[in-house]
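Between the sequences and the hints, there should be enough to build the whole structure, so can you do that?
Chains as they are written, first to last, in the working numbering: chain L, 1 to 472; chain Y, 473 to 1123.
These aren't lab readings, by the way, just hints derived from the structure by calculation.
Treat each hint with caution, since some may be false.
Said to hold, decoys possible - Pairs of lysine-lysine, BS3-like flavour, derived with a Cα cap of 25 Å:
1) L:K426 / L:K79
2) L:K465 / L:K435
3) Y:K1087 / Y:K1101
4) L:K381 / L:K404
5) Y:K630 / L:K67
6) Y:K668 / Y:K630
7) Y:K794 / Y:K824
8) L:K410 / Y:K571
9) Y:K571 / L:K404
Unchecked claim - Computed Cβ-Cβ distance ranges for the label pairs, DEER-style:
10) L:D59 / Y:R831: 16 to 22 Å
11) L:H392 / Y:L796: 35 to 41 Å
12) Y:T845 / L:N76: 52 to 58 Å
13) L:E407 / Y:T811: 31 to 37 Å
14) Y:L709 / L:E386: 39 to 45 Å
15) L:R338 / Y:L592: 23 to 29 Å
16) L:R366 / Y:E708: 53 to 59 Å
Every residue, glycine too, gets a C-beta built ideally from N, C-alpha and C.
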Amino acid sequence: MPGPSFDLNGIIPSILETSPELCVVIARRNPYLSCIKIGRIKIPSALSGDPTPVSRNLDPLTHPFAKARERARALNAAKLDRMFAKPFIGSLDGHIDGVYSLAKRPGVLNLIASGAGDGGIIVHDLPTRSKLLRFPGAHKGVVSGLCFTEDGRLLSCGVDRLVKLWDGMTTSDEPLVTFSGSTAFNAVDHHRSDQLFATGSNVVHIWDKNKSSPISTLSFPTSTENVTALKFNWSESSVLATTGTDRTFTLYDIRTAKAERRLVLNFRCNALSWNPTFPTRILLASEDHNLYTFDVRNLSKPTAAYRGHVAAVMSCDWSPTGEEFASGGWDRTLRIWREQERTSRDIYHGKRMQRIFATTYTNDSRFILTGSDDGNVRMWKARASERLGVTHGRDVAARQYRDKLREQWKHDTEVGRINRRRYLPKSVYRAAQTKTEMIRARQDREGRLRESGAKEGEAKTEISKVVIQEQE
Amino acid sequence: MDALIEAGNKADRKRRRSYGPPKDSSVPQSRDSPLDYKGKGKETAKQPVKPAEETDAVVASISRNTTVPRTLSKLGSKTPKTEVKLENNKFTPWAFQHKLHHQARWREEAQEALEDVEILKTEERGVMAAEGLMERTFKMTQDDIVNSIGEEQRRYRKEWKLDGGAYRSRYSKNGRHIAIAGKRGHVASFDWLTGKMHCELELRETCRDITYLNDHSHFAVAQKQHVYIYDQQGIELHRLREHIDITRLEYLPYHWLLVSVGNPGVLRYHDTSIGRVVATHKTKLGACQSMAQNPHNAVIYLGHQNGTVTLWTPNLDEPAVKLLAHLGGVTSLGVDPSTSGRYLATSGMDGKVKVWDCRNWKGCVREWEQRGTGHAEVDWSQKGFLGVASGGTVNVYTPPSIITEHRGSPPLYLTHPIPHRPLISARFCPYTDMLTIGHANGLSSIIVPGAGEPTFDSSEVDPFESKKMRREREVHNLLDKIQPDLIALDPDFVGTVAEPEAQDEFADPLHVASHRLPRWEKLKRAGMPDPGMTSASANEAKKASRQGREDDDMEIGYSASDTSESEYEVDEVDNGGGGEAPVVRRKKKKSALKAYLKKAGGNVVDPTVARIKAKMEMRRKEIQLARIKERQAMVHREPSALDRFRRPPRL
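Put into structure tokens, the structure is as follows:
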């Protein structure tokens, strides 16, 4: 239907129509913005279905109260974030006893292997939360270490002095290979590329997968340790780090088959993890309730201490991005930390969750898995308020905007309070209070002694008290 | 091992390089901003297309249904042109340095994006300029102007002949809708651009003012007794009983506050989102006939009958500023939106129009006699034009001359006679070059070229918004609502660092809760002298303390210090004049009065107890003062032979 014609000149005023004496122009608008109806004539501004035309004026005068409104938005973002914080996804059951070891397969997102106190091993499929493979009674007693080999097979060690290699594809009662040692094994880790793996008992053994006895034995000359954890570095793959029960942390080079450095710490460490993106950085989970990161180029002092747990830290793992890590402790909490930040970013706990002995990030760094005393493997979101499932790009942009706002306004009293507040189990909360009081009393006492002159010498910071001795 | 360390060094260097300054600054940076194609198309076209991205089947298959979020686009991925220099790089944490570089990078990119947006501005501001030397703009009549402009703009010039008494009007925030209220009760709300009437009401009682709320879907009318809220269809939604005999209404859109003042002289802030009065201030200056808001800090300006102008915020019971502006009542007020509320125009019964600088209230910037007699109305346009409707004319003045200090009237920009006295309202239309005057015979719109802001920001207001956009905007505005407590003269105080409170040497530690103090401070408070003190001074301090206690005992019969949790007594071991630290021995003391004070406590305020406590407080301060004086005196002591046994002084 042909619409009635209209005078375009009337819509877009022209400078040509001026009086001879005076130049008069009235404010003139972009014609595409002004889709208006005059009388019964509708002037089409754009084709139907086009996005609504927008106009921008960045003059601050047209945006009054910009800061106050942004703060209101930040406050809402903080509240929304806490409202949607539901980090627990589900638990993977199947073990009869507690879960003491977890292993993820490099390069694969959906697989996780868990080893329990009853000697059983299960390989879980995460998306369906089902059990892909079961090896009941793989070991007699606790499965103390688990890891995937480079070709997808599963390596397990136990306190029954055996290391077993399982086919990671099919369930079978019998392992592919069994390696036997003389003492109970506490940890196992596979070399990144070679057919080698290392086990930790009272010494460190290096094994070739094709040989039945260890190819070399590593130990520090004066050591009486019992190895608690052991990890190969993935960038410089011949470097091996171990922690021992005699409060030591040792770095070995398997090419020279000897210890390079050893640190004697004030407390023993239960777990360690190499930073996946920054090869010289290592994380130690200590019995003194703290975690420490070290730069292996300078071992005299930790680069940072992470305080927050109220009992020994039993496990730790870096996020694959290398910016965050998770730690599980004897205090039944899982904490997530950012590198170089002193307090934890988040704390997860569950009513039925017991002490956490194994923690691992998934390879996409979105989920954290914990194995605890109660026999369940629990799956958590790494970002508590993240929405699972397919999200629209606009949603992602909105979430990122909210995150940025929370970050920018975190020093605001109200926003910061909402951001930081976490409800803890009463036992943890009380323990933290007591601990703070004790630490404060100790510091006060030291300060008083120093003031009175009873204690001399330079005051040492807490972080420099961690390393007692560095040996070469 | 050495290999690892070497590898680590390499990685470290690599990281540093990634955010350091670019190696070769002559290489042009590629621009990935979505606004890039404007004017820079040639440069981008020259750059080679990456074949990998083009041929990737997976990317191609999902790219139709996928958009990369703006925040994930490559904006902000470059290295900053200017390197952030820190004073002491060695001791600055790595993460902090990284953050600074990142911020610098974002700032630069944002600046570039801003320049791009400026290019996209296509709107032109209106203007009226005299060509010859003998020509004057104010000689142009409205007919001349109408004849010299396009047909669409001619619609701005309008005469509405109405017989509801003198009319007051108000534009909606986007300038598209106008609400009018006649003195005798004729109320209407309509879209002036298309002429679409939303509603028309005959209220049959006095209507003194009208204002839109958040948008044109609701409006409030100050009627004979109360304030009423109507919706777009003219259905009465609320009667605000708290607001009695109201003469003027204002609406603070970002705080959702309806502000009213009336003949009782009470200023009320009514939160329209929760429906409660959040603040009521008695002005104590009688009936009030004029009110204005500062759109940039939401401060309310009131003009009173005795010539005073007062500035109000919800959280202050007293006016923030009180100013004697006129000899005679203030008839009208206006705040300049083009200078973020820096200038205020007032008109008074003394026949004067004055312009004030809000940063310096010492006298006005400019004042002049209004043209004609009677009640004058002032209003500022978005671009800082000042319209004064008085007598039988409307006069418009332009910015720089209004606020420059000079005697007499600023040069006139435009004038228009309106024979229908009185002229009781003047309103510039936002985003349009239009001024609407309400008078006894209805309303007149005149064209004022250059008065309005030509470019609107559709994230704030949009004259062309659809119904759906209006609804969404309402929800977003509600989510971004600012709390009334945040209204202050300086709107930018939000997000700034609070100034530290002044430290009072004596008063402060006593106000801190005991458990928050360090242990040693607690002990000090308990009356135990500093262990670092020398024996002699400790002795004296002890004596002084005892003396103080005895004095107290004599007068009020008890021992001092009721706040301490435990009492300490200092005993000194004499080991031949050496400055040994005193041995602390715990000792229980009689505390009859303490018990008495405790018993007398609770909710009862006993004057005796209060007196005793005040006395003890004074005593304690005296002791502390004496101790500090002593310590200062110690520094200038005569040297003695026994000094060799002393411990080194504390730092």
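Quick rundown of the hints versus the structure:
Between K426 (chain L) and K79 (chain L) the alpha-carbon distance is near 23 Å, which keeps this suggested pair within the 25 Å criterion. With a C-alpha separation of about 18 Å, the suggested pair K465 (chain L) and K435 (chain L) falls inside the 25 Å cut-off, and the hint holds. Our distance criterion of 25 Å between C-alpha atoms is met by K1087 (chain Y) and K1101 (chain Y), whose separation comes to about 21 Å. Restraint check: the Cα-Cα separation between K381 (chain L) and K404 (chain L) comes to about 20 Å, which is no more than 25 Å; the hinted pair holds.
A C-alpha spacing of about 39 Å is found between K630 (chain Y) and K67 (chain L), which places the hinted pair above 25 Å, so the restraint is violated. In summary, the hint linking K668 (chain Y) to K630 (chain Y) is supported, as the alpha carbons are separated by about 15 Å, within the 25 Å threshold. Distance restraint check for K794 (chain Y) and K824 (chain Y): the Cα-Cα separation of roughly 19 Å lies within the 25 Å cut-off, and the hinted pair is therefore satisfied. The straight-line distance between the Cα atoms of K410 (chain L) and K571 (chain Y) is roughly 15 Å, inside the 25 Å bound, and the hint therefore holds.
At roughly 13 Å between alpha-carbon atoms, K571 (chain Y) and K404 (chain L) fall within 25 Å of each other, so this suggested pair holds. Distance hint check for D59 (chain L) and R831 (chain Y): the Cβ-Cβ separation is about 21 Å, which falls inside the suggested range of 16 to 22 Å. Distance hint check for H392 (chain L) and L796 (chain Y): the Cβ-Cβ separation is about 60 Å, which falls outside the suggested range of 35 to 41 Å. A C-beta distance of roughly 53 Å is found between T845 (chain Y) and N76 (chain L), which places it inside the suggested range of 52 to 58 Å.
In this structure, E407 (chain L) and T811 (chain Y) meet the distance hint of 31 to 37 Å, their C-beta atoms being roughly 34 Å apart. Checked against the hint of 39 to 45 Å, the C-beta distance between L709 (chain Y) and E386 (chain L) comes to roughly 41 Å, which is consistent with it. In this structure, R338 (chain L) and L592 (chain Y) break the distance hint of 23 to 29 Å, their C-beta atoms being roughly 39 Å apart. With their beta carbons about 54 Å apart, R366 (chain L) and E708 (chain Y) fall inside the hinted range of 53 to 59 Å.
Checked against the numbered hints given earlier, the structure breaks hints 5, 11, 15 and satisfies all the rest.
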